[in-house]
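Novice: Here is what each chain is made of, one letter per residue.
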Amino acid sequence: MLRKHRNKRHLAASSQLQRRAARSFIDGANSGFTVASTVTMRCSPSMSPVDCVSTARIISLRIDLKFLTMFPFDSSKKLSFSRYISDGDLVILYERHDNMKAVKVSESGVLQNRFGVFKHSEWIGKPFGSKVFSNKGGFVYLLAPTAELWTLVLSHRTQILYIADISFVVMYLEIVPGCLVLESGTGSGSLTTSLARAIAPNGHVYTFDFHEQRAASAREDFERTGLSSLVTVGVRDIQGEGFPDEFLGRADSVFLDLPQPWLAIPSASKMLKQDGVLCSFSPCIEQVQKSCETLRSDFTDIRTFEVLLHTYEVREGNVWSWQDDDGSSMSLKSCKKRQRSTNEPENASSLTIMARRNGESREQKDIKNCLLHKVMVENPRGTLDHVHVSNTFARFLHSQATVLY
Amino acid sequence: MLRKHRNKRHLAASSQLQRRAARSFIDGANSGFTVASTVTMRCSPSMSPVDCVSTARIISLRIDLKFLTMFPFDSSKKLSFSRYISDGDLVILYERHDNMKAVKVSESGVLQNRFGVFKHSEWIGKPFGSKVFSNKGGFVYLLAPTAELWTLVLSHRTQILYIADISFVVMYLEIVPGCLVLESGTGSGSLTTSLARAIAPNGHVYTFDFHEQRAASAREDFERTGLSSLVTVGVRDIQGEGFPDEFLGRADSVFLDLPQPWLAIPSASKMLKQDGVLCSFSPCIEQVQKSCETLRSDFTDIRTFEVLLHTYEVREGNVWSWQDDDGSSMSLKSCKKRQRSTNEPENASSLTIMARRNGESREQKDIKNCLLHKVMVENPRGTLDHVHVSNTFARFLHSQATVLY
Amino acid sequence: MSINKSEENSNQDQNPRITWKGCSVLLDINDGDRVLFSRLTTGSKIKIGNKNYSLQPLIGCPFGSSFQVEDGKEGPVLSRVLQSTEGNNLQIMEESRDNRMLVDNNSAQSLTVEDIDEMRRKGASGDEIIKALIANSATFEKKTAFSQEKYLLKKQKKYAPRVLLRRPFARSICEAYFKKHAERIGFLRVDTLSLLLSLANVSAYSEVLLVDMLDGIITGAVAERLGGTGYVCNTYCGVTPYPINIVQMFNFSYDICQRIVHSSVAELHSSENETAPSTDELEDASNIRSQPNEQISSPSSQNAVIMEENEDGNMEIMSDVAASPKVDKGTKAGRKAPVEAIKLWKENGFSSLIIAAPNLDPWGIIKEVLPLLSYSASFAVYHQYLQPLATCMHNLQAEKMAIGLQISEPWLREYQVLPSRTHQHMQMSVTGGYILSGTRISGNDQTQTK
Amino acid sequence: MSINKSEENSNQDQNPRITWKGCSVLLDINDGDRVLFSRLTTGSKIKIGNKNYSLQPLIGCPFGSSFQVEDGKEGPVLSRVLQSTEGNNLQIMEESRDNRMLVDNNSAQSLTVEDIDEMRRKGASGDEIIKALIANSATFEKKTAFSQEKYLLKKQKKYAPRVLLRRPFARSICEAYFKKHAERIGFLRVDTLSLLLSLANVSAYSEVLLVDMLDGIITGAVAERLGGTGYVCNTYCGVTPYPINIVQMFNFSYDICQRIVHSSVAELHSSENETAPSTDELEDASNIRSQPNEQISSPSSQNAVIMEENEDGNMEIMSDVAASPKVDKGTKAGRKAPVEAIKLWKENGFSSLIIAAPNLDPWGIIKEVLPLLSYSASFAVYHQYLQPLATCMHNLQAEKMAIGLQISEPWLREYQVLPSRTHQHMQMSVTGGYILSGTRISGNDQTQTK
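Residue numbers (the UniProt record's numbering), protein chains in the order written: chain A, 1 to 405; chain B, 1 to 405; chain C, 1 to 450; chain D, 1 to 450.
Think of the hints as simulated: they come from the structure by calculation, not from any bench. Small disclaimer: the values here were computed from a predicted structure and weren't measured. Ideal Cβ positions, reconstructed from N, Cα and C, are used throughout, including at glycine. Treat the hints with care, since some could be wrong.
Said to hold, decoys possible - Here are the computed lysine-lysine pairs in the BS3-like style, where the Cα-Cα straight-line distance is at most 27 Å: (1) A/126 with C/343; (2) B/290 with C/142; (3) D/158 with D/131; (4) C/400 with A/131; (5) D/400 with B/126; (6) B/126 with A/290; (7) B/126 with D/346; (8) D/142 with D/122; (9) C/158 with C/179; (10) C/343 with A/101; (11) A/290 with C/400; (12) B/290 with D/346; (13) D/150 with D/47.
Said to hold, decoys possible - To give an idea of the chain C side of the interface with chain B (calculated C-beta under 8 Å), a few residues: (14) 360; (15) 365; (16) 420; (17) 422.
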């Protein structure tokens with residue numbers, strides 16, 4: 001699904017023009033977008049001027065007229081996109097579920113990791129989803145990027161929690177192709193990527209962050225993933241200034257992830273269309289309480305949700321029979337020894353596939369014949385790590401449908 | 001484990017004396033116990049005067065010197081208690097997990113239910129745990145009462161939720177034989193019964209409720225279950241007046257289930273021994289917030305928990321294979337029909353035992369060979385009912401160890 | 001905007017956030033006590049209490065509007081409430097009272113049933129009746145805020161019922177079904193549905209292969225996300241596609257309906273051993289299949305009727321669905337997949353796969369359909385039980401068909417957030433089911449393309 | 001009070017809420033960062049940072065006391081903190097700042113490591129060092145309340161470690177193990193343990209049959225509830241009882257230890273076909289078993305050593321456990337069940353049963369031991385996986401051995417409740433396991449007594 005066209009540096013010449021266009025948007029709209037001084041602007045004919053904000057660091061990347069995209073949003077490409085890896089493509093290197101990396105393919109490129117040295121040139125022409133080998137026979141899989149894989153690449157280990165929230169938000173905000181969505185703050189851009197997937201091919205996400213640096217990194221990421229024509233990143237203090245007036249009554253949905261969301265809610269309600277939906281995401285109950293209080297004046301159908309996701313570990317295990325355990329103490333400790341001896345008669349145990357809820361979303365290791373207790377011994381710290389992860393995740397979602405008359 | 005001795009109406013003659021003793025306790029201790037005007041008092045030599053509070057309605061019950069007890073707490077009885085049903089015993093009639101009833105056995109007694117007529121006389125001499133039959137061949141099981149069964153009898157359907165809270169509270173309050181425990185309010189007495197089980201044989205639970213009527217019903221129940229020597233029920237506004245001064249520094253643990261627990265906490269802290277534990281149980285987060293705020297002045301190790309319990313339904317189910325489903329639409333609807341035909345070849349499906357999380361704690365029906373979807377169709381309202389149940393249950397527990405210097 | 005554009009095809013300049021004649025709506029009566037789907041035609045009616053109300057006043061109103069029952073000149077009518085209905089103007093104060101002083105008895109209300117009937121005959125509104133009930137209640141003032149609120153809500157539902165006009169979207173449809181007829185959608189909760197769409201990487205221009213045995217709820221949700229691009233192809237074993245009645249409840253345009261197609265698994269596999277299937281063969285297959293294809297439309301309308309008959313007072317499918325001008329041959333979703341599309345799928349593979357067959361062994365299905373996916377494509381399998389998915393995951397690992405395999409169990413919990421009365425509800429359901437997800441990979445160490 | 005009375009046997013007038021020489025304690029360092037068990041002897045020491053501290057000052061202090069590290073005249077000592085340690089005197093205000101203005105860099109702290117070392121040498125207390133760190137931090141004042149709190153906690157742990165003296169009770173022991181070595185107690189969470197005790201109806205004078213393969217955590221918890229009455233009888237298949245090392249961590253009196261016994265399942269069944277076993281036979285068996293019985297005491301002390309060696313800095317078993325005067329032959333828990341007790345169990349049956357054998361098939365165990373229970377007795381089986389319990393429940397139903405069968409999954413979630421910072425933590429663990437519970441019934445339609 002990764003799209004790639006090679007009209008390289010097509011825009012270099014017209015950058016002056018674009019920069020002017022971008023400035024005129026910024027001045028005219030009085031939107032509060034802060035643009036880095038060394039900004040590079042790009043416009044395609046089909047894009048509205050508002051789409052044209054990008055930043056300094058992009059200059060160092062190869063710039064294409066048609067972008068690498070994480071998912072197709074050009075109607076001419078349907079059913080005909082290539083599934084073969086080309087030079088310049090963004091691929092996700094999959095080692096394990098918790099070990100992935102985004103890599104830009106270049107003919108002369110080389111990747112080195114603990115498995116050995118991989119030549120990019122050997123990847124080109126292979127289909128996405130292929131297993132590729134290093135000089136030492138080690139291997140990784142090359143996957144086409146998706147919003148979910150991107151989230152995994154962006155932030156290891158907590159990804160599965162994010163996915164549950166993201167999916168629910170997109171569904172609850174009723175985002176479909178063509179929607180105009182406002183978001184603040186941008187953060188890692190993980191949700192933004194999923195919002196962009198949902199509004200593609202003809203909607204737009206305007207996302208705002210107070211931090212110039214964070215906004216710039218997010219913009220850079222959207223360039224890499226080819227979503228720049230769907231997402232505009234602005235630098236703005238939404239809690240202090242509200243959303244730009246140009247979006248008055250135009251937004252289908254608004255998403256807030258702010259420390260004091262109640263400050264942004266009055267502005268958000270002005271931006272929303274009739275029956276549009278607002279979602280605010282807060283970790284603490286006091287934030288939720290204040291937000292709900294503020295929401296009650298303009299919104300109906302105010303609901304607060306918490307979303308969780310548990311993962312399961314699947315193993316083929318031996319359930320040992322007590323009776324066959326004659327003579328040896330079947331404590332956890334002694335079982336450990338027993339497990340090492342592979343000459344154990346198979347009939348001493350029944351082999352079953354069992355699922356155990358998991359604290360962390362680790363890569364499922366290859367199936368092994370193992371004693372059940374092995375699973376326990378393997379993750380002695382699973383619980384602790386888990387508590388840590390959970391602090392990030394346990395958040396509230398409150399969603400409302402506004403009725404503005 | 002049910003104990004029964006038949007020294008009937010032994011106390012009738014000495015009721016005047018006892019009433020006087022009770023009054024002197026009440027006046028002397030200035031404890032704030034309100035005693036119903038028609039009170040009947042009983043004292044056994046081994047009981048401290050504080051143990052002697054009981055109420056009016058008890059008069060109509062048969063009164064025994066040694067009580068029917070839910071669990072043994074007389075050291076002379078260990079290893080020698082009878083497991084056979086006797087006249088006067090309290091038995092739990094078990095129809096299904098969600099249909100139980102407490103019945104007092106009497107030689108001339110008769111029980112009638114949808115299964116027919118049961119004669120008590122046929123029960124006497126059988127062991128607890130027996131299946132007994134009606135004139136129509138219907139049957140029930142006769143069980144010895146336990147704190148858990150009693151909770152089920154007290155309040156159908158929500159019991160399993162209560163059990164999780166009760167167990168956790170008893171463990172977290174570190175209640176062991178010999179402890180002195182304070183509780184407010186008494187409510188249904190469900191927790192009180194488990195507290196009594198934990199402090200037996202030589203501890204005591206003092207439980208207080210504002211409602212005279214509720215306290216009286218609880219006392220009556222403790223008479224029925226034979227716990228009167230372990231539990232004293234007082235009528236008192238603990239939020240307004242605090243616990244009686246006689247318990248100053250004497251309580252091992254305090255349990256609060258009050259609408260405004262923060263009003264009772266200063267008093268509770270005075271009652272507790274060094275390192276004693278307080279637990280407050282509240283449904284709303286605002287109550288928890290205020291309680292924690294109050295607790296911070298005198299308590300350490302303040303922790304707030306929520307306890308849940310999910311139950312699983314176990315069925316032996318057919319997982320139909322897609323391929324064998326040639327020609328018939330396997331929608332939920334059509335499967336229903338298919339299930340009715342018992343001539344289905346067995347090899348078209350694999351038979352497995354599967355567990356599904358349950359919304360309600362229903363009696364596990366007998367195993368049937370059925371399609372998986374049957375389970376789904378059977379509980380179309382399970383979800384809704386469940387949400388209802390949960391409102392009662394989803395409460396906070398906050399537990400603290402006090403350090404008083 | 002694609003959905004908008006599609007609407008424009010059928011209704012010039014139609015704002016999709018305002019109802020139009022013939023559109024499908026979800027009516028929520030008394031805050032979820034009853035939920036029903038209907039098409040807004042001049043003739044359609046709903047029954048509330050013992051009276052019938054025309055749905056005519058709902059046409060042209062924005063989604064999200066509320067309606068109350070009024071006695072108009074020509075009988076009872078639904079009238080739009082222009083004020084926000086939240087709060088009921090009851091000042092909920094911080095909880096300070098408790099129920100110590102409250103004696104429960106039935107003598108608290110001095111207004112009799114006859115008094116209320118009399119008020120109604122004189123044209124009193126529901127709100128007026130409720131005010132009278134409060135004024136004549138001896139205990140209302142002594143009640144706690146909790147109890148006052150509960151009392152008001154009960155009376156409001158009885159004497160001043162409210163109808164909320166909801167937009168039929170995947171979210172609202174799934175929530176309505178889950179609340180009232182969860183078994184019809186295999187107990188699929190809205191958060192589980194949202195995860196299926198994410199984990200299968202559904203986006204515009206996706207070519208989504210589905211095994212949807214949940215009466216079309218997944219088909220509809222996917223089509224909504226495609227917005228008239230790509231394809232959602234329902235596949236099935238045997239000769240009859242599974243019914244997708246729920247799709248009718250969405251306000252899908254012709255464009256979107258055209259993207260909802262079906263094809264049997266045999267058909268999708270037919271050229272597996274040949275390099276390319278002859279067009280004749282395919283046309284042939286298509287012709288053969290056109291008959292059973294015709295047949296679905298009748299069982300599906302039958303089903304709609306059955307739903308209505310099974311109606312337990314809580315969720316109804318209005319009988320005018322079939323009669324609606326929108327449900328003509330042209331806009332009917334679920335046609336046979338076009339030959340050229342099948343050909344392209346055979347060449348490129350599908351880009352996503354979702355399986356939801358609650359009563360079938362998931363391994364039996366996935367081993368058949370996974371090869372129809374392109375490499376690196378995402379899939380998600382829903383099942384109500386954990387064990388069949390665990391076995392399925394084990395087999396996929398053992399046969400090295402996929403990576404990134406994960407079984408997840410979604411949880412959703414709602415909170416009540418009200419001043420001094422904030423608390424969590426239980427999980428919306430403890431039967432939210434499980435999802436097995438992963439990414440298809442190129443066969444073991446083979447690098448040849450599919 | 002039974003526990004009190006027992007203490008009195010060994011320590012005249014001993015208040016069980018104040019530590020005594022030789023008592024077992026649980027030391028919680030820095031709010032759970034490290035947890036260790038120890039016996040308070042004159043010689044026992046703990047290492048915090050790079051220094052050893054004598055535990056002598058802890059003797060005679062109430063449980064629940066906190067200690068801080070101080071430089072005494074004769075070197076570093078633990079000194080009791082008499083003020084409540086909550087709050088740290090940091091005024092946590094309502095959150096109003098955010099981290100907009102905060103630039104993260106490492107130049108914020110002007111105090112160097114050398115400066116701090118110098119302060120220490122001059123005898124500055126931990127709190128003084130922290131105050132200096134705050135005073136010399138360029139960013140502390142700009143931080144949010146969240147960040148300030150986090151900063152303080154980190155510095156406090158490093159420069160002013162706290163030792164909390166906990167009473168070793170089933171609750172605190174289970175929590176400590178679960179936090180640090182969950183695998184040793186089969187991932188049994190404290191709420192699950194509490195449910196096992198309830199569902200098996202454990203109370204004073206219960207005769208509890210146990211299959212405890214969790215190193216004695218359940219044995220200890222049951223014995224605590226029995227308070228020196230009844231019996232807890234550990235049974236096992238084969239010839240060697242399972243280790244119950246954790247029991248040593250409780251401050252059990254001689255009376256309570258006497259109630260902790262073991263007997264093999266063969267022995268408990270031996271008279272199944274006879275009317276009454278000859279006393280000789282039993283004595284014999286007892287003699288034969290006395291040898292393996294002797295052996296457990298050595299593996300168990302070995303295990304204690306192994307635990308110490310395996311120590312990863314988070315939980316330690318002090319090596320002086322074995323050297324403690326309390327651990328003599330007399331107070332050692334886990335003797336062979338007395339012959340007369342076995343005889344009575346054969347006559348009356350046990351009143352409760354708890355099984356916790358995480359790596360064994362529960363059905364294989366329960367079918368052997370359930371007949372040892374009296375009718376109407378309650379039982380509870382813990383397992384980490386659902387499926388083996390589901391099969392077990394199915395078999396119990398099919399063979400009509402029990403009623404009231406229920407598989408339950410306990411959940412526990414902790415909340416942080418702080419002004420403006422209240423939020424739920426995740427479940428304490430997602431691996432809390434499952435419990436199968438039920439009531440034994442008299443065989444199918446038989447009314448003869450056991």
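Novice: Which of the listed hints are broken here?
Specialist: The structure conflicts with hints 6, 8, 10, 11, 12, although it agrees with all the remaining ones.
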